[in-house]
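One letter stands for each residue in the lines below.
Protein chains: 2
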Amino acid sequence: MSLLVVGSVAFDTIETPFGKVENVLGGSATFISVAASYFVTPIRLVGVVGGDFADEHIKFLIDRDVDLEGLQVIKEGKTFRWGGRYHYDLNVRDTLFTDLNVFEHFKPIIPDSYRKTTYVCLGNIDPILQLCVLEQIEKPRMVIGDTMNFWIKGRRDELIKTLKLLDVLILNDAEVRELTNEPNLICAGKLVLNMGPKVVIIKKGEHGAVLLTPSTIFFAPPYPLENIYDPTGAGDTFAGGFIGWIAKTDDLSDENLKRAVIYGSTLASFCVERFSLDRFKDLTNFEILDRFREFKDLSKFDEVVSE
Amino acid sequence: MSLLVVGSVAFDTIETPFGKVENVLGGSATFISVAASYFVTPIRLVGVVGGDFADEHIKFLIDRDVDLEGLQVIKEGKTFRWGGRYHYDLNVRDTLFTDLNVFEHFKPIIPDSYRKTTYVCLGNIDPILQLCVLEQIEKPRMVIGDTMNFWIKGRRDELIKTLKLLDVLILNDAEVRELTNEPNLICAGKLVLNMGPKVVIIKKGEHGAVLLTPSTIFFAPPYPLENIYDPTGAGDTFAGGFIGWIAKTDDLSDENLKRAVIYGSTLASFCVERFSLDRFKDLTNFEILDRFREFKDLSKFDEVVSE
Numbered sequence: 008m009s010l011l012v013v014g015s016v017a018f019d020t021i022e023t024p025f026g027k028v029e030n031v032l033g034g035s036a037t038f039i040s041v042a043a044s045y046f047v048t049p050i051r052l053v054g055v056v057g058g059d060f061a062d063e064h065i066k067f068l069i070d071r072d073v074d075l076e077g078l079q080v081i082k083e084g085k086t087f088r089w090g091g092r093y094h095y096d097l098n099v100r101d102t103l104f105t106d107l108n109v110f111e112h113f114k115p116i117i118p119d120s121y122r123k124t125t126y127v128c129l130g131n132i133d134p135i136l137q138l139c140v141l142e143q144i145e146k147p148r149m150v151i152g153d154t155m156n157f158w159i160k161g162r163r164d165e166l167i168k169t170l171k172l173l174d175v176l177i178l179n180d181a182e183v184r185e186l187t188n189e190p191n192l193i194c195a196g197k198l199v200l201n202m203g204p205k206v207v208i209i210k211k212g213e214h215g216a217v218l219l220t221p222s223t224i225f226f227a228p229p230y231p232l233e234n235i236y237d238p239t240g241a242g243d244t245f246a247g248g249f250i251g252w253i254a255k256t257d258d259l260s261d262e263n264l265k266r267a268v269i270y271g272s273t274l275a276s277f278c279v280e281r282f283s284l285d286r287f288k289d290l291t292n293f294e295i296l297d298r299f300r301e302f303k304d305l306s307k308f309d310e311v312v313s314e
Numbered sequence: 008m009s010l011l012v013v014g015s016v017a018f019d020t021i022e023t024p025f026g027k028v029e030n031v032l033g034g035s036a037t038f039i040s041v042a043a044s045y046f047v048t049p050i051r052l053v054g055v056v057g058g059d060f061a062d063e064h065i066k067f068l069i070d071r072d073v074d075l076e077g078l079q080v081i082k083e084g085k086t087f088r089w090g091g092r093y094h095y096d097l098n099v100r101d102t103l104f105t106d107l108n109v110f111e112h113f114k115p116i117i118p119d120s121y122r123k124t125t126y127v128c129l130g131n132i133d134p135i136l137q138l139c140v141l142e143q144i145e146k147p148r149m150v151i152g153d154t155m156n157f158w159i160k161g162r163r164d165e166l167i168k169t170l171k172l173l174d175v176l177i178l179n180d181a182e183v184r185e186l187t188n189e190p191n192l193i194c195a196g197k198l199v200l201n202m203g204p205k206v207v208i209i210k211k212g213e214h215g216a217v218l219l220t221p222s223t224i225f226f227a228p229p230y231p232l233e234n235i236y237d238p239t240g241a242g243d244t245f246a247g248g249f250i251g252w253i254a255k256t257d258d259l260s261d262e263n264l265k266r267a268v269i270y271g272s273t274l275a276s277f278c279v280e281r282f283s284l285d286r287f288k289d290l291t292n293f294e295i296l297d298r299f300r301e302f303k304d305l306s307k308f309d310e311v312v313s314e
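Quick note, the sequences are listed as chains V and R, same order.
Residue numbers for the first sequence follow this note's numbering, so the first one is 8 and each next one is one higher.
Residue numbers for the second sequence follow this note's numbering, so the first one is 8 and each next one is one higher.
Heads up, some of the hints might be wrong.
In this list, chains with the same sequence are indistinguishable; a pair is considered to hold if it fits within one copy or across any two.
What the hints assert, rightly or not - Mimicking DSBU-like on lysine-lysine, the simulated pairs with C-alpha atoms at most 35 Å apart in a straight line are:
no., residue 1, residue 2
1, 82, 265
2, 205, 27
3, 85, 265
4, 211, 85
5, 85, 197
6, 168, 307
7, 82, 211
8, 66, 168
9, 27, 197
10, 146, 307
11, 114, 66
12, 205, 303
13, 205, 82
14, 82, 288
15, 85, 303
Honestly, the hints are just simulated from the structure, not real lab data.
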C-alpha cells in the first residue's frame with residue numbers, strides 16, 4: 008500500500024548528558040518516513056527545505072527509498088532549525104531556539120501522483136496545514152495525525168475541525184489531558200474518540216503507550232533501555248513504525264493495531280539509542296523483528312491459577 | 008504458608024473530588040493484611056491501636072481471618088490518625104494532618120507464636136522498626152518491605168542497613184529515583200538489586216508497575232479504571248496482594264513473581280473503587296480471578312508476523 012507523509016524536515020542542534028550534536032538531520036516527516044520505510048516503500052514525503060540541505064541527507068533518504076518528488080527545495084532559503092537541551096532526567100527538555108526559516112511559510116503541495124494514497128500520516132504541523140493536505144487528496148483508507156500543546160492551545164478550533172477528519176490521533180499524556188481537560192488518561196482517551204478519531208494512541212514516554220479504540224484498550228510496555236542518548240524524534244518514529252506496519256499489512260483490526268503499536272514502540276526504542284537518525288543507518292529488519300518479540304516477554308504472564 | 012504483617016493501623020480522614028470521609032479504617036498493616044487474606048489465612052498482624060479502635064473494625068478484621076494476637080491495644084491512648092486531600096488529578100495529594108498518637112512510640116512486639124513465620128511483610132514504617140521485627144524472628148523464606156521518601160531522606164543509613172535484609176523491596180517511581188539518585192527507572196531498579204533485595208517492584212500509579220529481578224524485567228499494565236474514588240491504601244493493597252499470592256503458592260520463581268505482581272495490581276484496582284477498605288466488604292474471589300484474567304488481555308498481542 009502507498010503511504011504519504013507530511014511534516015517538517017529540519018536540522019537539529021541537541022545537547023544531552025551524553026554529548027552534543029549540531030545541525031543534524033531531524034524533523035517530524037524525516038523520522039516518520041525513515042521509520043515507516045522499514046515496512047513499506049517508497050514513502051511519499053511532502054515537506055520543505057532550504058538550499059543548505061546537504062546532498063548526504065538527500066542520499067540517505069533516497070537510500071531508505073523515500074520518494075522526494077514532494078520535497079520543496081527553496082534554494083534561497085534556509086532549512087528549519089531547532090535546538091534543544093535535555094536534562095539529566097531525559098523526560099525534561101528546554102527548547103533553546105526555533106528558527107522556522109523556509110518552514111514559516113510552508114504550504115504543503117501534494118504532487119498529482121500522490122493524490123491517491125492509501126495511508127496518510129500528518130506529522131505535528133499546524134492543523135490548518137493538516138486540513139490543507141486532506142483537501143488536496145482523495146479520501147485515503149486511513150489518516151493518522153500527530154499534534155502538540157502548541158496547537159492545542161493556539162489553534163484549538165482548527166484542531167477540533169481537523170480531528171473530525173482523522174482516523175487515528177497520536178499524542179502524549181500531557182497533550183491528551185490538555186486537549187480534553189480530563190486528568191484520567193483513559194477517560195481523556197475516550198473523550199477523544201468522541202471528537203472524530205476512531206483510534207487514539209497516548210504516548211507515555213518511559214511508561215510506554217496506550218491504544219484506545221471503541222472496542223479495546225491495550226497497554227504497550229516501554230522497552231527497558233538503560234542508555235537513552237537522544238529522545239528527539241522518538242514520538243515521530245513511533246508514528247512512522249505504527250503507520251508503516253498498518254500500510255504494509257492493510258489490516259485495520261484491533262489485533263493488528265496492537266501489533267502496529269508494538270512496531271512503533273520498537274522503532275522508537277532504536278531511535279533513541281543514538282543521536283538524530285543515526286541508528287537507522289545500520290538498523291536491520293532482523294533486529295526489528297527480534298526486539299518486537301522481546302516486547303512480548305516484557306508483559307507476558309501465565310494464566311496458570313493455583314487450585 | 009504463614010504470613011506476618013507489621014505496620015500501621017490508622018483512622019483516615021480523606022477528601023477526594025468524589026466526597027469526604029472521616030475517621031475511616033486505614034493504615035498500611037490493615038490494607039496489606041486484608042488484601043493478603045484473599046490468598047492465605049490467618050494473617051498475623053502486628054500493630055498498635057488506641058482505646059478508640061471500634062469493635063466494628065476488630066470484627067471486620069476477624070471476619071477477614073486476620074489474627075489479632077499481635078495487635079497492641081493501648082486503652083488510654085488514641086489510634087494514629089491521618090488526613091489527606093486529593094486533587095482533581097488524583098495523582099496529587101496534600102497531607103492535611105498526621106497525629107501519630109499511640110503509633111509515635113510503637114515498638115513491634117512479635118508474639119512467640121509468630122516467631123516462626125514463612126513470609127513477612129514489613130509495611131512502610133521506620134526502617135529501625137523494620138530491623139527490630141527481623142531481629143525477633145527466625146529467618147523467613149521471604150521478607151518484603153515497603154518504604155517512602157520520608158525514610159529515604161531522614162533515615163537513609165538505617166534504611167540501607169534494612170535493605171540488606173530484604174528479599175523484596177516495593178516502592179514507587181519517585182522513591183526509587185530518590186533512593187538511588189538515578190532518573191532512569193530501569194537503571195534505578197538495578198541499583199537497588201545491588202543494595203540487598205533480590206527483587207524490586209516499582210509502583211508507577213496510573214502507569215502500572217515494574218518487576219525487576221536479576222534475570223527478568225516485567226511490566227504490569229495498570230487496570231484502566233475510569234472512576235477512582237480514593238487512592239489511599241492502593242500501594243499497601245498491592246503489597247498485600249503480591250505477598251498473599253506468594254505465601255499461598257510458596258513459589259519464588261520469576262514466573263510466579265509476575266503472577267503475584269498482577270494479583271497485587273488486581274487487588275489495588277479494587278481498593279480504589281471505594282473509600283477506605285469498603286470494597287473489601289463484599290469483594291469475592293471470583294471477581295479477583297476475573298479481573299486477573301482481564302489483565303492478561305490488556306497487554307497481550309499476537310506474535311503473528313506478516314510474511
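Structure-based check of each hint:
no., hint, verdict
1, 82 with 265, "neither (42 Å within a copy, 58 Å between copies)"
2, 205 with 27, "neither (40 Å within a copy, 37 Å between copies)"
3, 85 with 265, "neither (40 Å within a copy, 53 Å between copies)"
4, 211 with 85, "within (33 Å within a copy, 44 Å between copies)"
5, 85 with 197, "neither (41 Å within a copy, 46 Å between copies)"
6, 168 with 307, "between (40 Å within a copy, 34 Å between copies)"
7, 82 with 211, "neither (39 Å within a copy, 50 Å between copies)"
8, 66 with 168, "neither (37 Å within a copy, 58 Å between copies)"
9, 27 with 197, "between (40 Å within a copy, 27 Å between copies)"
10, 146 with 307, "between (39 Å within a copy, 32 Å between copies)"
11, 114 with 66, "within (24 Å within a copy, 72 Å between copies)"
12, 205 with 303, "both (25 Å within a copy, 24 Å between copies)"
13, 205 with 82, "neither (41 Å within a copy, 61 Å between copies)"
14, 82 with 288, "within (27 Å within a copy, 73 Å between copies)"
15, 85 with 303, "neither (44 Å within a copy, 51 Å between copies)"
This entry does not satisfy hints 1, 2, 3, 5, 7, 8, 13 and 15, going by the numbered hints stated previously.
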